[in-house]
Structure formats: structure tokens, C-alpha cells
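Which chain is which? The protein sequence lines are R and E, in order.
Heads up, the first sequence is in our numbering, so the first residue is 14 and it goes up one at a time.
Heads up, the second sequence is in our numbering, so the first residue is 236 and it goes up one at a time.
It is possible that some hints are incorrect.
As the list claims (entries may be wrong) - Mimicking DSS-like on lysine-lysine, the simulated pairs with C-alpha atoms at most 30 Å apart in a straight line are:
{"#": "1", "chain 1": "R", "residue 1": "K189", "chain 2": "E", "residue 2": "K364"}
{"#": "2", "chain 1": "E", "residue 1": "K380", "chain 2": "E", "residue 2": "K286"}
{"#": "3", "chain 1": "E", "residue 1": "K350", "chain 2": "R", "residue 2": "K157"}
{"#": "4", "chain 1": "R", "residue 1": "K233", "chain 2": "E", "residue 2": "K286"}
{"#": "5", "chain 1": "E", "residue 1": "K364", "chain 2": "R", "residue 2": "K273"}
Said to hold, decoys possible - Ranges of calculated distance between the beta carbons of each label pair, as one might list FRET restraints:
{"#": "6", "chain 1": "E", "residue 1": "K364", "chain 2": "R", "residue 2": "S90", "range": "16 to 22 Å"}
{"#": "7", "chain 1": "E", "residue 1": "Q433", "chain 2": "R", "residue 2": "H207", "range": "37 to 43 Å"}
{"#": "8", "chain 1": "E", "residue 1": "I337", "chain 2": "R", "residue 2": "A136", "range": "53 to 59 Å"}
{"#": "9", "chain 1": "R", "residue 1": "W41", "chain 2": "E", "residue 2": "K280", "range": "44 to 50 Å"}
{"#": "10", "chain 1": "E", "residue 1": "P423", "chain 2": "R", "residue 2": "S90", "range": "38 to 44 Å"}
{"#": "11", "chain 1": "E", "residue 1": "T435", "chain 2": "R", "residue 2": "E127", "range": "40 to 46 Å"}
{"#": "12", "chain 1": "E", "residue 1": "P423", "chain 2": "R", "residue 2": "A136", "range": "52 to 58 Å"}
{"#": "13", "chain 1": "R", "residue 1": "A136", "chain 2": "E", "residue 2": "E336", "range": "56 to 62 Å"}
{"#": "14", "chain 1": "E", "residue 1": "G377", "chain 2": "R", "residue 2": "W41", "range": "53 to 59 Å"}
What the hints assert, rightly or not - Sample of chain E residues facing chain R (criterion: CB under 10 Å; computed from the structure):
{"#": "15", "residue": "Q315"}
{"#": "16", "residue": "R319"}
{"#": "17", "residue": "E363"}
{"#": "18", "residue": "L397"}
{"#": "19", "residue": "I420"}
Think of the hints as simulated: they come from the structure by calculation, not from any bench.
Using N, Cα and C, we set each Cβ at its ideal position, and we do this for glycine too.
For reference, the chains in residue letters:
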Amino acid sequence: MTITTEACVTMSSKVNIPDLPKYFQGKWNKKSYHVLRELGRGANGAVYLTSQDGIKRAVKVGIEGIDILMEVNVLKSVQQGRDSRVGPLLCDVDDLVLNGKPCTFYAMEYLDGEQLDHYIQRAGTEWVTVMIVQLLARLDILHKHGWVFGDLKPENIMVTQSDKQVRLIDFGGVTKLGNAVRQFTEEYDRAAWHAGDRRAEIGYDLFSTAVMMVRLMVDKETWKSSLGDPRETALLCDIIRKSDRLYPYRVSLLKAFHGKFATAGEMRAELLAILRERTVAAMQKPKRASKPAGKGISGLFVASLLLLAGTLYYAWFM
Amino acid sequence: MKEATLKQILVVTDGCSNSGMSPVAAASLAREQGITVNVIGVIDKSELGEKGEREIRDIAEAGGGLCDIVYPQQLAQTVQMLTRKAMTRTIHQVVNKELKEILGDSGIEELAPEKRVQVAGMVDELGEKSSLNVVMLVDTSGSMKPKLSAVQQAIHDFSISLHSRSGQSRMAVGSFPGKHKYLDIRIPWTEKVEQAHQITSDLAMSGITPTGPAIVEAIALFEQVKLPQSLSDRYASMEEDDDHNGSLRDHVF
Chain R
14 MTITTEACVT
24 MSSKVNIPDL
34 PKYFQGKWNK
44 KSYHVLRELG
54 RGANGAVYLT
64 SQDGIKRAVK
74 VGIEGIDILM
84 EVNVLKSVQQ
94 GRDSRVGPLL
104 CDVDDLVLNG
114 KPCTFYAMEY
124 LDGEQLDHYI
134 QRAGTEWVTV
144 MIVQLLARLD
154 ILHKHGWVFG
164 DLKPENIMVT
174 QSDKQVRLID
184 FGGVTKLGNA
194 VRQFTEEYDR
204 AAWHAGDRRA
214 EIGYDLFSTA
224 VMMVRLMVDK
234 ETWKSSLGDP
244 RETALLCDII
254 RKSDRLYPYR
264 VSLLKAFHGK
274 FATAGEMRAE
284 LLAILRERTV
294 AAMQKPKRAS
304 KPAGKGISGL
314 FVASLLLLAG
324 TLYYAWFM
Chain E
236 MKEATLKQIL
246 VVTDGCSNSG
256 MSPVAAASLA
266 REQGITVNVI
276 GVIDKSELGE
286 KGEREIRDIA
296 EAGGGLCDIV
306 YPQQLAQTVQ
316 MLTRKAMTRT
326 IHQVVNKELK
336 EILGDSGIEE
346 LAPEKRVQVA
356 GMVDELGEKS
366 SLNVVMLVDT
376 SGSMKPKLSA
386 VQQAIHDFSI
396 SLHSRSGQSR
406 MAVGSFPGKH
416 KYLDIRIPWT
426 EKVEQAHQIT
436 SDLAMSGITP
446 TGPAIVEAIA
456 LFEQVKLPQS
466 LSDRYASMEE
476 DDDHNGSLRD
486 HVF
């Protein structure tokens, strides 16, 4: 058995990808790229901003070609319907030679924008629900193609500069429905919150989405205090109860925590309905307190009922 | 090709070995027997030092595996990622070897990228479906003490990850140095680790770090994997007609 020895790969701490030359050409498709700057690093490789015949392209290069090719596999499958703007469009897959070694890369459409949490920080929390609703539409498409995004977090979501559209970036965690999630971040991971396993299900993405919604609505200190040990969704419920911004969405969030939505579209419709209702209510009675006591208690009651149902469900399931 | 079993040893340590045979030699011994060795260095405030880093790298390289150096908070995530990537890599190497036999010397690199994307999809699927046995070796020498609660959490977390796979998965956990031997088995082969398990209790506190001997003892654990009845039946029947899948098993086993 002959296995070529490859240099040991360090990942989350230091991704050591050799620097790209200023200009390079693909071995197969012969497209030439001019490297402008590095855009970021993921677990599978680094992304560079390049110019190819005057068009801006993002190029991802990895140490292990197979990981890069797996991402291409997903991007391709999602792009079968061209109008489905889930992620960046794939433009080229090719090899380049780095330090005498062949290295696989792919080029994609360059999305000019900022990552979701930075955008919210600048634009305000009133954008959170709007963006989550958009995100759920993207996820719905992904799920219908038989994939789960897996590593959902604000860093992997981009808001485009020009038209404020949500796009998913970094497809390294995207997993076939039913398989084990390929990549995750504990903060948004269902298993780390003790709310289920790591099987790629629609509910896995919706759980992350709900956690992200909480995270984006509250300030950093409140969020950090919730990351206690053991990590339980009850901590998130505490935050939701105390936050005027999250409180109206409590039932939907709880349903997402407990895997009660069958599809992203279902969760999206619920959030949209609440958003609309709130907008109308705010117009009619602008001075009204957002959280009357009676409503709060009934909400808590619904929450506890749902929690009980969830517990029973899990008990039965095991 | 579906029934391959991947074997891995995952070493979690925070420094250099200082007792017994070289861990790099032990790792190459493991690899010789079809077992991949991955290493995670856990650092706290103090750095590993150049020597420690080099040893970690050398063990992984000799063991045909991957390595990473992380803080305790990143441990759980890293364990899952390293294991998965090492699996992918092993399968990729086997598939590549098969391809070389078909295509001549060049193998996968000589395929057009479009074709390789398809191979990647196949490798991914094989990785998900194949059986996986992992022995986690935890360094419990003095300096690791403050990091053990993170390790314990990572063990439980890893069990969830394994449980979420479609293929059969089994793990065992050992700590080194052991009380009377180099290695104490803390959790024997299991499919699911209960959270309540305390790795921190009843530890042999000592300054020695016998990483090499611990790896050698872990290799022996793979000879004792007992298959459940239903599975061993399946394997027995498979062995009779393993013309089409035998080649892969030869490489991986």
C-alpha cells in the first residue's frame, strides 16, 4: 500500500495555505486570474478576490483538493435552477501549480457586501427578522435540493451591498439530508445545546437559524451570559422572555428549538405573519406598551406546554 | 466497497512524550496495520513550544493522519472535524489507488476537474456509510488537569457526532499514563458514551507522558473489537463473495 505522504494540516488555529502568485492560469480551462487580495479563510481553504478578464471573481484554494471538490459538488447541485440565489454562482473549477504541487481551486461570482452580524450592527436590529425571513427562503431551496447547510452562523451569511440580499457563503458544511453534519460551530449547533443530534435534517438548520435570531437581536453581553454550562435552550428562553424585540416571536422560536417545523417555508411564513401583524399594530397604536402582563403569562403558558410536549416527544422517541 | 472499516487513533495531548518508545515510531507502526493516527494539541495560556509542535506534526505524519493545535474551547469541534477529514483522506487514497490501476500511473490528478467532482461526491458518500472505530487517547499527565473537563465534554460530544453517522461507529477512550500500565481504558468499545462518565476521577497523576507506549497499547484494542451478532453474520457472509469489495477492504483493514 503506497500512500503519498503529505504535510500535516493544521486547521482552525492556523490554516497554512501557501500564498498565491500574483497571476496564475488554470491548467485545464486556461482562464487567467489576477490576485487582488485575500478575502478570508475557512476550514477548507482560503478565499481570494481576483480579476479574471476584468471581471471580479472570488477564488477558493484548499490544501486538500478533495474538500474543495466536495464544495463544488454541492454548489453545482444547488445551481440547477439558475434563478435560485442561494449562494454565489460557480464559474470555474481547475488546478493550479503551487510550489510544484497541483492544487485544486474554484472560482465563483464575487459578492460585494458584509457579513450578517456586521450588517445588523450597522443597520439596526429591525433588520433581523427581515434578514432571517430571507435566509429561510434560501434554506428552503437548499433543503428542496436535498442538502442541509450545517454550519449556519452570521459569518457564513452575506448581505449584498447593492440590493440587501441574503446569500450563503462557505459551503464547507453543506451535507446531504440524513448524513452526519460535516462541519458546525458550537454556538449554533443543536447537539451542543443538548437539543438533538448532528444528523443533517431540516430541523438542524432551523435550530441554528433560531439561535442566530436570538444572537442578532441582543447585545453581546446578554449573549455571552447565555453561553453557560451546561448549554440548554432554557437559557435562550430566558433571553427571549426578557427581550421586547424577541418576545413576539417566542412561539416560533420555541418551535424551531424543538424541531416542530417541517420546512423552512413554514417557519418563514410564521415569522412573516408576526412581522406584518406587529407593523400594523405599531401603526394603529404607536404608544401601546409592547408587553402587557396578561399576554406575557399566556405566552409563558404556551411555552411551558410546548416544552412539555417536546420532553414527552423525546422521551417517546428514545 | 460499502463495507470498509476505518480505524483511527486520536491522541489528545499538551506536550512532549518523555517515556518509552518514540510516539512517531509507534504511529508508523499503527499505520502499518491500517490504523490512522490523528493528534490534537491542547494549549492553554502556555504555548506548546517548538519541540511539542514538531512532535505532534511528526506523529500525525507518520500515522498518516492530521493534526491541529487548539484551545480547550475548540476541542469538541476539532475532534469531529479532524476525524471526518482523516476519514475522507483515507478513502480518497484508496479510491485514488484503484483509479491508478485503471488509468495507469497518473490517477485522479489526471482526470478533468468535472470528473473529479463526481469522485469527491462518491468519496463523501463512502465516508458516511463506512464503519468507523476510533480510540481516543487522553494525556492525563499533570499539566493536562485543568483541560480535562473540556476533554470530557469533547468525548461526549464526539459520541453524538458518531451517533449521527449512517455507518456503524464505535469509540473507546483510554488515558495515559495509567495506574499500573502505560494506558488505562476509561471507556471500553461503545456506540454511545453517557454524559455522566467521569474521566477525571481516579486518575494516576504523574509527570510522565508515555505517548508512544500508549499508542502501541491502543493498537491492540483494535484486535478486540467485537461485532454485534447481526453484523458479524453480515460480515461472515460477505467474506464469501468479496470479489468486488475485497480490494478496498484489503487497503483499509
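To see whether the hints hold, each was checked on the structure:
Between K189/R and K364/E the alpha-carbon distance is near 12 Å, which keeps this suggested pair within the 30 Å criterion. Proximity of K380/E to K286/E is assessed by CA-CA distance (about 21 Å); at most 30 Å being required, the pair is judged to hold. A threshold of 30 Å between alpha carbons decides the hint, and for K350/E with K157/R the separation of about 25 Å falls inside it, so the pair holds. Taken as a hint, the K233/R and K286/E pair is broken in the structure, with Cα atoms around 38 Å apart against an allowance of 30 Å.
Annotation: proposed proximity of K364/E to K273/R holds, straight-line Cα distance about 28 Å (limit 30 Å). At about 19 Å, the CB distance of K364/E to S90/R agrees with the hint of 16 to 22 Å. Between Q433/E and H207/R, the C-beta spacing of about 18 Å breaks the proposed range 37 to 43 Å. A hinted range of 53 to 59 Å for the beta carbons of I337/E and A136/R is consistent with their spacing of about 55 Å.
The hinted range of 44 to 50 Å is satisfied by W41/R and K280/E, whose Cβ atoms lie roughly 48 Å apart. The hinted range of 38 to 44 Å is satisfied by P423/E and S90/R, whose Cβ atoms lie roughly 41 Å apart. Range check, T435/E to E127/R: about 43 Å between beta-carbon atoms, so the 40 to 46 Å window is met. A hinted range of 52 to 58 Å for the beta carbons of P423/E and A136/R is consistent with their spacing of about 54 Å.
For A136/R and E336/E, the Cβ-Cβ distance of about 57 Å falls inside the hinted range of 56 to 62 Å, so the restraint holds. G377/E and W41/R have their C-beta atoms about 54 Å apart, which keeps the hinted 53 to 59 Å range intact. Taking 10 Å as the C-beta cut-off, the interface hint given for Q315/E holds, the closest approach to chain R being about 8 Å. With 10 Å as the threshold, the beta carbon of R319/E comes within range of chain R, its nearest partner Cβ sitting at about 7 Å, so the hint holds.
Hint status for E363/E relative to chain R: holds, with the closest Cβ pair at about 5 Å, below 10 Å. Annotation: interface hint on L397/E holds; nearest CB of chain R at approximately 8 Å, less than 10 Å. Of the supplied interface hints, the one on I420/E is violated, with its beta-carbon coming no nearer than about 25 Å to a beta-carbon of chain R, more than 10 Å.
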